[in-house]
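Start counting the sequence shown at 812; every next residue gets the next number (our numbering).
Derived by calculation from the structure, the hints in this document are not laboratory data.
It cannot be assumed that every hint is accurate.
What the hints assert, rightly or not - Using 27 Å as the maximum straight-line C-alpha spacing, the simulated BS3-like pairs for lysine-lysine come out as follows:
no.: 1; residue 1: Lys-923; residue 2: Lys-901
no.: 2; residue 1: Lys-901; residue 2: Lys-952
no.: 3; residue 1: Lys-867; residue 2: Lys-853
no.: 4; residue 1: Lys-912; residue 2: Lys-923
no.: 5; residue 1: Lys-867; residue 2: Lys-952
no.: 6; residue 1: Lys-901; residue 2: Lys-841
no.: 7; residue 1: Lys-988; residue 2: Lys-962
no.: 8; residue 1: Lys-943; residue 2: Lys-953
no.: 9; residue 1: Lys-867; residue 2: Lys-835
no.: 10; residue 1: Lys-952; residue 2: Lys-962
no.: 11; residue 1: Lys-901; residue 2: Lys-839
no.: 12; residue 1: Lys-912; residue 2: Lys-988
no.: 13; residue 1: Lys-953; residue 2: Lys-841
no.: 14; residue 1: Lys-853; residue 2: Lys-962
no.: 15; residue 1: Lys-835; residue 2: Lys-901
no.: 16; residue 1: Lys-830; residue 2: Lys-853
no.: 17; residue 1: Lys-943; residue 2: Lys-835
no.: 18; residue 1: Lys-841; residue 2: Lys-943
no.: 19; residue 1: Lys-839; residue 2: Lys-867
no.: 20; residue 1: Lys-952; residue 2: Lys-839
no.: 21; residue 1: Lys-853; residue 2: Lys-912
no.: 22; residue 1: Lys-988; residue 2: Lys-867
no.: 23; residue 1: Lys-953; residue 2: Lys-912
no.: 24; residue 1: Lys-988; residue 2: Lys-923
no.: 25; residue 1: Lys-901; residue 2: Lys-830
no.: 26; residue 1: Lys-943; residue 2: Lys-923
no.: 27; residue 1: Lys-839; residue 2: Lys-923
no.: 28; residue 1: Lys-988; residue 2: Lys-853
no.: 29; residue 1: Lys-901; residue 2: Lys-953
no.: 30; residue 1: Lys-830; residue 2: Lys-912
no.: 31; residue 1: Lys-839; residue 2: Lys-912
no.: 32; residue 1: Lys-839; residue 2: Lys-853
no.: 33; residue 1: Lys-962; residue 2: Lys-867
no.: 34; residue 1: Lys-853; residue 2: Lys-841
no.: 35; residue 1: Lys-853; residue 2: Lys-952
no.: 36; residue 1: Lys-835; residue 2: Lys-853
no.: 37; residue 1: Lys-867; residue 2: Lys-830
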Amino acid sequence: PFFNNVWCSNSTLIPRFMKGIFYKSPPKIKYSFTWDVSVVLKYLSTLFPLESLSLKLLTFKLTALIALAAAPRAQTIVSLDLDFMTIAEKCIMFDFPCLLKNSRRGHQFSLKLEHFDNESLCVMHTLLHYVKVTSSSRLSKKLFISYVTYKAVCTSTIARWLRTVLDLAGIDIGVFKAHSFRGASVSAAY
């Protein structure tokens, strides 16, 4: 028996023990600095006009623009569904019928992508063009499909695409991974 079966009665013992463990090895930040968003934006602006891009490059561009515009997780990007897409005059809204990592009971989560004046970097313009290009060949209602099989992709595929964009833009992918898009885009917006 642990403390003669009365270990719960001492309410200070367990929290103090856990606090000691936390201070013994505190969590460490992954990145002490982040990459420059303008470098990736400069690369993405060279991928224009959209009509001249291959489906592969168009997919890479749209994935990176969404990651920079809204700072979602890869799981959120994979969950974007055309059935839950609402197109307004100056924005596109996505609702999520499934549970996400940041889902909470009683709170509806949605992703809003707004129109940008610079057409070469407009996520809304790129998304609408992507949907139009893939409409005849897609085998899934998910927004992102494989440019090889035209089926829905998984989270690791989105992460690989984001790393590829970083590599093509000249960012060191030995240091930065796909999740760094979240921190870099929020830091640049701040």
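We went through each hint and held it up to the structure:
no.: 1; hint: Lys-923 x Lys-901; result: 10 Å, holds
no.: 2; hint: Lys-901 x Lys-952; result: 23 Å, holds
no.: 3; hint: Lys-867 x Lys-853; result: 18 Å, holds
no.: 4; hint: Lys-912 x Lys-923; result: 18 Å, holds
no.: 5; hint: Lys-867 x Lys-952; result: 18 Å, holds
no.: 6; hint: Lys-901 x Lys-841; result: 36 Å, violated
no.: 7; hint: Lys-988 x Lys-962; result: 24 Å, holds
no.: 8; hint: Lys-943 x Lys-953; result: 14 Å, holds
no.: 9; hint: Lys-867 x Lys-835; result: 47 Å, violated
no.: 10; hint: Lys-952 x Lys-962; result: 9 Å, holds
no.: 11; hint: Lys-901 x Lys-839; result: 40 Å, violated
no.: 12; hint: Lys-912 x Lys-988; result: 19 Å, holds
no.: 13; hint: Lys-953 x Lys-841; result: 31 Å, violated
no.: 14; hint: Lys-853 x Lys-962; result: 30 Å, violated
no.: 15; hint: Lys-835 x Lys-901; result: 51 Å, violated
no.: 16; hint: Lys-830 x Lys-853; result: 46 Å, violated
no.: 17; hint: Lys-943 x Lys-835; result: 55 Å, violated
no.: 18; hint: Lys-841 x Lys-943; result: 39 Å, violated
no.: 19; hint: Lys-839 x Lys-867; result: 36 Å, violated
no.: 20; hint: Lys-952 x Lys-839; result: 39 Å, violated
no.: 21; hint: Lys-853 x Lys-912; result: 31 Å, violated
no.: 22; hint: Lys-988 x Lys-867; result: 20 Å, holds
no.: 23; hint: Lys-953 x Lys-912; result: 18 Å, holds
no.: 24; hint: Lys-988 x Lys-923; result: 24 Å, holds
no.: 25; hint: Lys-901 x Lys-830; result: 49 Å, violated
no.: 26; hint: Lys-943 x Lys-923; result: 20 Å, holds
no.: 27; hint: Lys-839 x Lys-923; result: 32 Å, violated
no.: 28; hint: Lys-988 x Lys-853; result: 19 Å, holds
no.: 29; hint: Lys-901 x Lys-953; result: 22 Å, holds
no.: 30; hint: Lys-830 x Lys-912; result: 26 Å, holds
no.: 31; hint: Lys-839 x Lys-912; result: 21 Å, holds
no.: 32; hint: Lys-839 x Lys-853; result: 31 Å, violated
no.: 33; hint: Lys-962 x Lys-867; result: 14 Å, holds
no.: 34; hint: Lys-853 x Lys-841; result: 26 Å, holds
no.: 35; hint: Lys-853 x Lys-952; result: 31 Å, violated
no.: 36; hint: Lys-835 x Lys-853; result: 44 Å, violated
no.: 37; hint: Lys-867 x Lys-830; result: 49 Å, violated
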